[in-house]
Amino acid sequence: MSFKIASSPHHHNQRSTAGLMKLVTLACIPGIALQAVFFGYGVLVQLVLAICTAWLAEAVMLWLRGKSILPRLTDHSALVTAVLLAISIPPYAPWWLVVIGTAFAIIFVKQLYGGLGNNLFNPAMAAYVLLLISFPVQMTQWLPPLPLQAVTLSPLDAVCAVFTQYSCSGFSITQLQQGIDGSTLATPLDTLRTDLAQGLTLTESYSKPVYQSIAGAGWLWVNLAYLAGGLFLVQQKIISWRIPTAVIVSLFLLSALGWLAAADANPSPLFHLFSGATMLAAFFIATDPVSASTTDKGRLYYGALIGALVFVIRTFGGYPDAFAFAVLLANMCVPLIDYYTRPRTYGHKAKGSTK
Amino acid sequence: MSLMKELTLQGLWKNNPGLVQLLGLCPLLGVTNTLTNALGLGVATLLVLLGSNMVVSLVRAHVPNEIRIPIFVMIIASFVTVIQLLMNAYTFGLYQSLGIFLPLIVTNCAIIGRAEAFASKNPLLPSAIDGLMMGLGFLLVLVALGAMREILGQGTLFDGAELLLGDWAKILRIEVFHSDNHFLLAMLPPGAFIGMGLLIALKNSIDQRQARKQAVAKGSITRARVTGAAQ
Chain A
11 MSFKIASSPH HHNQRSTAGL MKLVTLACIP GIALQAVFFG YGVLVQLVLA
61 ICTAWLAEAV MLWLRGKSIL PRLTDHSALV TAVLLAISIP PYAPWWLVVI
111 GTAFAIIFVK QLYGGLGNNL FNPAMAAYVL LLISFPVQMT QWLPPLPLQA
161 VTLSPLDAVC AVFTQYSCSG FSITQLQQGI DGSTLATPLD TLRTDLAQGL
211 TLTESYSKPV YQSIAGAGWL WVNLAYLAGG LFLVQQKIIS WRIPTAVIVS
261 LFLLSALGWL AAADANPSPL FHLFSGATML AAFFIATDPV SASTTDKGRL
311 YYGALIGALV FVIRTFGGYP DAFAFAVLLA NMCVPLIDYY TRPRTYGHKA
361 KGSTK
Chain B
-18 MSLMKELTLQ GLWKNNPGLV QLLGLCPLLG VTNTLTNALG LGVATLLVLL
32 GSNMVVSLVR AHVPNEIRIP IFVMIIASFV TVIQLLMNAY TFGLYQSLGI
82 FLPLIVTNCA IIGRAEAFAS KNPLLPSAID GLMMGLGFLL VLVALGAMRE
132 ILGQGTLFDG AELLLGDWAK ILRIEVFHSD NHFLLAMLPP GAFIGMGLLI
182 ALKNSIDQRQ ARKQAVAKGS ITRARVTGAA Q
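Residue numbers (the numbering used here), protein chains in the order written: chain A, 11 to 365; chain B, -18 to 212.
Extracted from the complex, chain A is given alone in its bound form (with noise of 0.2 angstroms):
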């Protein structure tokens, strides 16, 4: 017999990290399915090379620092990471590629500031940017989506093309960026920024084939699987509601404010919310409880300075998408950002209230 009178201060809803990180890698398991889909197998290749990766970097670590294995290796913090470095890089991309970004992410970006809570960048997109400077060419090579792909690969061609650069029938990979009329397709985002830096308006750019739906064949379907595996988060109260609406929002009005100012050179919104890492970034990435703001005023600050740093790199600067830039910018910061949203404690006046 039990009498529960604590108020909810104390209230605790029992639910530790392991199963937090289980439930977020359970999210993201439809959209992951839809790459596969679209993008093909490779990117199941990726997971299980990343997470690979990143137990054993991550158990070597805790070795080297003298901590206790099993514990901090079963929280799942580690497979998190892995897995939202593996679906962020090209399905075909090179073995080596998410073996060096997740042992980076797992070494230096998380453990060596101190492992699980201590670390200041989001691990996933420290490695990401690492990949996309240090190997700009492997990190854009997107394969066509399914409706365009001249050739379809089977589960084994996507085990032989990461792991050779060859699908296992002999086509290499510059083969089968092209899709089915013969010209290489980069993503949607991609295509767009080089369609506008020489001179074609929207209009023009959009007859490509790589456009089919709103935001590019494929795009919009993986990122709606997303948003609906981060609703399910935010329904189960695992991640705040306020940093993926701010993300979403900001980038949402400053992209509407670019679309009705010059229609002709820039995307619409829904193009803007539905291609690239929208979805899973403002929902699984921007989220991560430690590298993101903690209070609550804060997290609206934080989420919209997220979305609004992707609409300027995405217009302005040089690298497709920006969502790995735009996150580690405004981890920098959240130690400001939280310094000055601390909410009132309980008892404490509100500062310059006079009652």
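No lab work stands behind these hints: they were computed from the structure. Here the structure is a predicted model, which is why all the values come from computation and not from measurement. Glycine included, C-beta positions come from ideal geometry on N, C-alpha and C. Some hints could be false.
[Claimed, not checked] Calculated pairs, DSBU-like style, for lysine-lysine (alpha carbon to alpha carbon, straight line, at most 30 angstroms):
{"no.": "1", "chain 1": "B", "residue 1": "LYS199", "chain 2": "A", "residue 2": "LYS77"}
{"no.": "2", "chain 1": "B", "residue 1": "LYS184", "chain 2": "B", "residue 2": "LYS(-5)"}
{"no.": "3", "chain 1": "B", "residue 1": "LYS194", "chain 2": "B", "residue 2": "LYS184"}
{"no.": "4", "chain 1": "A", "residue 1": "LYS77", "chain 2": "B", "residue 2": "LYS194"}
{"no.": "5", "chain 1": "A", "residue 1": "LYS32", "chain 2": "A", "residue 2": "LYS77"}
{"no.": "6", "chain 1": "A", "residue 1": "LYS77", "chain 2": "B", "residue 2": "LYS184"}
{"no.": "7", "chain 1": "B", "residue 1": "LYS102", "chain 2": "B", "residue 2": "LYS(-14)"}
{"no.": "8", "chain 1": "B", "residue 1": "LYS199", "chain 2": "B", "residue 2": "LYS(-5)"}
[As the list claims (entries may be wrong)] Here are some chain A residues the structure puts well away from chain B; computed CB gaps all over 12 angstroms:
{"no.": "9", "residue": "LEU54"}
{"no.": "10", "residue": "LEU74"}
{"no.": "11", "residue": "PRO104"}
{"no.": "12", "residue": "GLY125"}
Starting from the known structure of chain A, arrange chain B on it as the hints suggest.
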């Protein structure tokens, strides 16, 4: 002889300008993207340090205390000019690839630091040995970092060694592994910071291990530590 030993130990390990004093980090991080660059700058710094230490020690009795720093800087600057002109004449390729970092040796705190802290207070011979050993210590760190970054970045060693050592040195070029994709991070300044951090960590861990071994050998009593860093 024990003075010599002590100065060597200080310069190469205990008080290494690169790893312990953390002086002269700007050239250390800026030009160590290949082994050849690192070696070239390291030798230049070594020669300047040796020369400036000797001259500062020679004139130390005649320098008024109030204006010693400008005088030291003038001495160092003359040596840097000499080295710069020599490299311009004999190793022109390297001179170009080191660029601004060669004249910047003037502002290398490791050099003025040794002039101020050691050479201005000691006779000629110890000052010369100190300059040589400090310079060697700096050179070794540069070379280690340069080798590390070159192997990681392009998979080679001594790429472009002919710029420093003349045409015969082309045979020195070693290809550790072949890669079409250069690991750009290792070549860029962030890679230098990370590599430097790793080197310092390695040195500290060796020191700690040594200290632990000595403590065990002595059978010293371990006490609870009440001040300073917690273990």
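To see whether the hints hold, each was checked on the structure:
At roughly 28 angstroms between alpha-carbon atoms, B:LYS199 and A:LYS77 fall within 30 angstroms of each other, so this suggested pair holds. With a C-alpha separation of about 10 angstroms, the suggested pairing of B:LYS184 with B:LYS(-5) holds against the 30 angstroms cut-off. Taking the CA atoms of B:LYS194 and B:LYS184, the gap is about 15 angstroms. The hint holds against a cut of 30 angstroms. Restraint check for A:LYS77 and B:LYS194: satisfied, since their Cα atoms lie roughly 22 angstroms apart, inside the 30 angstroms limit.
For the suggested pair A:LYS32 and A:LYS77, the alpha carbons sit about 22 angstroms apart, so the restraint of at most 30 angstroms is met. Only pairs whose Cα atoms come within 30 angstroms are accepted, and A:LYS77 paired with B:LYS184 is accepted, the gap being roughly 22 angstroms. Between B:LYS102 and B:LYS(-14) the CA atoms are separated by roughly 19 angstroms; this keeps the pair inside 30 angstroms, and the hint holds. Distance restraint check for B:LYS199 and B:LYS(-5): the Cα-Cα separation of roughly 21 angstroms lies within the 30 angstroms cut-off, and the hinted pair is therefore satisfied.
With a least CB separation of 24 angstroms from chain B, A:LEU54 remains clear of the 12 angstroms interface cut-off, as annotated. A:LEU74, annotated as away from the interface, has a beta carbon of chain B within 12 angstroms; the closest lies near 10 angstroms. For A:PRO104, the condition that its CB be more than 12 angstroms from all CB atoms of chain B is violated, with the nearest at approximately 8 angstroms. A cut-off of 12 angstroms between C-beta atoms confirms that A:GLY125 is not in contact with chain B; the least separation is 16 angstroms.
Hint compliance for this structure: hints 10, 11 are not met, and every other hint is.
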